[in-house]
Structures are given as C-alpha cells and as structure tokens.
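Chain residues, written in single-letter form:
Number of protein chains: 2
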Amino acid sequence: SLHRIKASGLKLQLCTNETQATRENFVRKLRAMGFDISVAQVTAPAPAACRLLRERGLRPHLLVHDDLVPEFAEIDKTNPNCVVLGDAAENFTYANLNEAFRLLIGMEKPVLISLGKGRYYKETDGLKLDVGAYMKALEYACDVQAEVVGKPAKRFFESALAELGVPPEQAIMIGDDIVSDVGGAQQCGMRALQVRTGKYRPSDENHPEVKPDAYVNNLAEAVDIILQEL
Amino acid sequence: SLHRIKASGLKLQLCTNETQATRENFVRKLRAMGFDISVAQVTAPAPAACRLLRERGLRPHLLVHDDLVPEFAEIDKTNPNCVVLGDAAENFTYANLNEAFRLLIGMEKPVLISLGKGRYYKETDGLKLDVGAYMKALEYACDVQAEVVGKPAKRFFESALAELGVPPEQAIMIGDDIVSDVGGAQQCGMRALQVRTGKYRPSDENHPEVKPDAYVNNLAEAVDIILQEL
Numbered sequence: 002s003l004h005r006i007k008a009s010g011l012k013l014q015l016c017t018n019e020t021q022a023t024r025e026n027f028v029r030k031l032r033a034m035g036f037d038i039s040v041a042q043v044t045a046p047a048p049a050a051c052r053l054l055r056e057r058g059l060r061p062h063l064l065v066h067d068d069l070v071p072e073f074a075e076i077d078k079t080n081p082n083c084v085v086l087g088d089a090a091e092n093f094t095y096a097n098l099n100e101a102f103r104l105l106i107g108m109e110k111p112v113l114i115s116l117g118k119g120r121y122y123k124e125t126d127g128l129k130l131d132v133g134a135y136m137k138a139l140e141y142a143c144d145v146q147a148e149v150v151g152k153p154a155k156r157f158f159e160s161a162l163a164e165l166g167v168p169p170e171q172a173i174m175i176g177d178d179i180v181s182d183v184g185g186a187q188q189c190g191m192r193a194l195q196v197r198t199g200k201y202r203p204s205d206e207n208h209p210e211v212k213p214d215a216y217v218n219n220l221a222e223a224v225d226i227i228l229q230e231l
Numbered sequence: 002s003l004h005r006i007k008a009s010g011l012k013l014q015l016c017t018n019e020t021q022a023t024r025e026n027f028v029r030k031l032r033a034m035g036f037d038i039s040v041a042q043v044t045a046p047a048p049a050a051c052r053l054l055r056e057r058g059l060r061p062h063l064l065v066h067d068d069l070v071p072e073f074a075e076i077d078k079t080n081p082n083c084v085v086l087g088d089a090a091e092n093f094t095y096a097n098l099n100e101a102f103r104l105l106i107g108m109e110k111p112v113l114i115s116l117g118k119g120r121y122y123k124e125t126d127g128l129k130l131d132v133g134a135y136m137k138a139l140e141y142a143c144d145v146q147a148e149v150v151g152k153p154a155k156r157f158f159e160s161a162l163a164e165l166g167v168p169p170e171q172a173i174m175i176g177d178d179i180v181s182d183v184g185g186a187q188q189c190g191m192r193a194l195q196v197r198t199g200k201y202r203p204s205d206e207n208h209p210e211v212k213p214d215a216y217v218n219n220l221a222e223a224v225d226i227i228l229q230e231l
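Taken in sequence, the protein lines are chains A and B.
Each residue of the first sequence is one higher than the last, beginning at 2 in my numbering.
Each residue of the second sequence is one higher than the last, beginning at 2 in my numbering.
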C-alpha cells in the first residue's frame with residue numbers, strides 16, 4: 002500500500018504516538034520490516050514536544066522511557082520548570098512519580114506536558130497502563146491540566162501538515178483509533194478514514210462524538226479508494 | 002482535650018483516613034503518645050470496606066500497604082471480582098498497578114473500591130502521592146468511577162454515627178480538612194468545626210462549596226465551645 006501511494010505521487014507522512022523509542026529507532030524497525038520510510042516522514046510526540054519547549058523557553062524534567070531520552074539531547078534540562086511525561090513503562094516507579102509530582106507542586110504554575118493520553122496498550126505479556134493514566138494521576142494531585150502533545154492534539158496534526166506542505170483540506174488521515182486518529186484529524190480540518198483493523202472495535206461505529214468520513218476494511222482498501230478519487 | 006470530652010460524658014469517635022496501618026497499630030501509636038483511645042473508638046476506611054465487601058459478596062484483589070493487609074484477614078480473596086485500593090506507598094509499583102488494571106479491565110463491570118481520595122500527603126522525606134492519584138489513573142484507564150470508602154463519603158460518617166449510637170444532628174465533627182472532614186460531615190447532617198491547625202490553609206475560608214459551622218484555633222478551643230454549649 003505504501004508503495005502504491007508513493008508511485009502515485011501523493012505525499013505521505015506517518016503520524017505515531019510512539020514514545021518508547023526515538024524516531025530513528027522507530028524507522029529502523031519499520032525499514033527492517035520492509036517499509037521504505039525515512040525519519041523526516043515520521044511525526045511523533047517527542048519532536049513536537051521539543052518544538053514547544055523551545056518556543057516557550059521551558060526546561061523539562063523528563064519522566065519518559067530510557068530509549069526516548071536521546072530525542073531531548075539538545076534541550077536544556079537544568080533547573081526544570083516543567084515536567085514532560087511519556088510512556089515511561091518500567092520508569093513509572095513510585096519514586097519517579099513522587100519526584101515528578103514534587104517538582105510540579107513546587108512550581109508557582111505547574112506545567113505538565115504529556116506525550117499522549119492513551120489509556121492502555123497491549124504487549125506480548127499483557128495489557129499495560131499507558132501514559133494517559135499517569136497523566137491523570139499527576140493532574141489530580143497537582144490540580145493542573147496537562148498539555149497533550151501527540152494525537153489527537155490539533156497542533157500535532159498541524160505539524161504533520163506543515164511537514165507535508167499541504168493544507169488540511171488536501172490531506173486525508175487513515176487510522177484505526179476513532180478518537181486519536183479520526184477525531185484529531187477531523188478537528189484539524191482533514192478528512193479521515195477508519196480502518197477496521199488494529200484497535201478498531203465494532204462499537205466505534207456508534208461513537209457519540211466522532212464519525213469517520215468512511216470506513217475501510219484495511220489500509221489496502223483505503224489506498225484503492227484514494228487512488229480512484231484522484 | 003480528649004480527657005475533658007470524656008469527663009463531660011460526651012461520646013467520642015475518631016474518624017481517620019489512615020490506610021497504612023491496621024486500627025490496632027494506629028491505636029497503639031496513639032496510646033504510646035498518651036491518648037486514652039480504644040480500637041472501637043476508631044472509624045477507619047479498611048473496616049468500612051470490609052463491611053461493604055461482605056454486604057455485596059465481593060472478593061477483593063488488594064493493592065494496599067503491607068501493614069493494612071491484616072484488616073482483610075477474614076475476607077475471601079480468591080478469584081477476585083473487585084479491586085480495593087489503599088495508600089499502598091512502596092507497593093505502588095509499575096507491575097502492581099498493571100496487575101490491578103488488568104483485573105479491572107477483565108471484569109464485565111469493573112468494581113474499584115478506594116480507601117480514600119487524598120491527593121498527597123507530607124512525610125519527613127517530602128511530599129508523596131496519595132491514593133487518590135492512583136485511583137484517578139485506574140479510573141481513567143478502565144473508564145470506571147471508584148467507590149470511595151473513607152472521608153468524605155457519606156456512609157463513612159454514617160458508620161461512625163452508628164458506632165456512637167447518636168443521630169447526626171446530635172453529633173459534631175472537628176477536623177482540619179475542609180472537604181474530607183467538614184464537607185463530608187455536613188453532607189451527613191452533622192455540624193462541623195474546622196481547626197486552624199494541621200492541613201488548614203487560610204484559603205480554606207474562601208472555599209467555593211464548603212463552609213464550616215465555625216472556625217476554631219485548635220482542638221482545645223473546639224472543646225471549650227462544645228462544653229460551654231452543653
């Protein structure tokens with residue numbers, strides 16, 4: 002499907018909420034699976050967070066996965082004035098959560114930036130709490146609202162569109178997550194298809210707030226439809 | 002102050018949200034400090050949770066402090082059909098949180114019972130996230146609302162009144178927490194005094210929802226007022 006998109010001359014950008022690896026490692030994994038993707042073709046929460054930190058002169062305390070830390074190599078992390086929260090997995094210890102909490106509660110106006118708001122995800126050894134759950138814990142303890150970088154945040158899709166250099170009405174999002182993919186893209190002015198694969202659930206078709214522009218059975222069918230409409 | 006209450010013939014019940022120790026240990030600590038208190042005079046979340054578990058035939062998975070486990074000794078914990086969450090402190094590990102989450106998400110209708118909803122508390126080595134923060138994490142991940150046992154839950158004050166054998170209009174609550182102590186007791190039909198000690202903050206006097214029947218500078222002053230009114 003990716004080859005067919007490329008051959009058609011359409012521009013392509015991957016939008017991922019992956020925060021357990023740098024984009025470099027993420028792309029390496031995809032290339033090993035045979036996908037011809039470059040780092041510039043990936044929009045991910047950590048680089049979006051770095052842009053936001055630079056824009057606002059914020060120095061983060063990181064509570065993220067060890068493998069994500071290199072994304073923040075160029076960012077000043079001394080004397081932190083905000084907390085950046087990712088899917089830290091094994092780094093979500095009692096001590097680390099208390100440390101992030103203490104920094105936040107000690108700030109005059111706590112700034113919590115969360116690299117997503119997923120509830121949970123599945124790994125080979127079972128379901129795991131995702132970053133959104135820990136975000137809610139810190140939000141409640143500090144009486145603060147996190148700023149979410151990553152899908153479904155509007156600015157996340159805007160930066161993907163900026164990478165592509167196209168306006169939202171000329172772009173179409175394909176995704177399996179009714180809220181993060183479909184809802185987020187639509188709020189940004191894009192059309193969005195939901196694939197009936199991955200985390201798609203039949204109940205998504207009765208979602209109270211989000212309605213995709215169309216359903217497709219899989220990515221190949223999405224590409225068929227898009228190429229037909231060209 | 003406790004001696005004066007006792008000498009006056011008034012009945013006394015201590016209402017605590019302590020979930021890091023059994024009532025026995027809690028009372029032992031108070032007695033060592035010179036307070037003449039018995040276990041029966043203490044209303045605490047764990048025994049309240051045990052009553053609720055028995056009433057509804059619930060078998061808990063416990064995510065609580067090690068020192069609290071004996072409170073649940075008589076409760077059937079095989080093949081759990083609910084999760085009981087306390088201030089587990091060092092037991093709030095990534096693995097334990099994922100385990101509690103998996104049990105909840107695997108239930109047809111997840112039942113989460115929380116022994117309080119405090120945001121944080123202070124220990125000698127600094128501020129710590131309290132049970133409420135972890136409750137929020139599990140609530141969000143499982144899209145469920147926890148049932149809070151402990152202050153400010155109405156049934157918690159009701160069971161304290163039942164222990165005393167007095168109706169709410171004949172009881173008065175004295176506490177330092179505007180929401181948990183004052184608000185909870187008032188919702189139950191009791192009057193409530195806020196002491197200007199402990200976790201009292203001047204900003205409590207402008208609380209948008211809760212207004213104590215009176216402020217007192219400390220427990221001794223509260224006892225003065227109550228004994229004068231007798």
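Treat the hints as calculated values from the structure; they're not laboratory data.
Some clues are possibly wrong.
[Claimed, not checked] Cut-off 27 Å, straight-line C-alpha distance, at most; resulting in silico cross-link-like pairs (BS3-like, lysine-lysine):
1) Lys-123/B - Lys-200/B
2) Lys-129/A - Lys-200/B
3) Lys-110/B - Lys-123/A
So, against the hints stated earlier in the document, which numbers end up violated here?
The structure breaks only hint 2.
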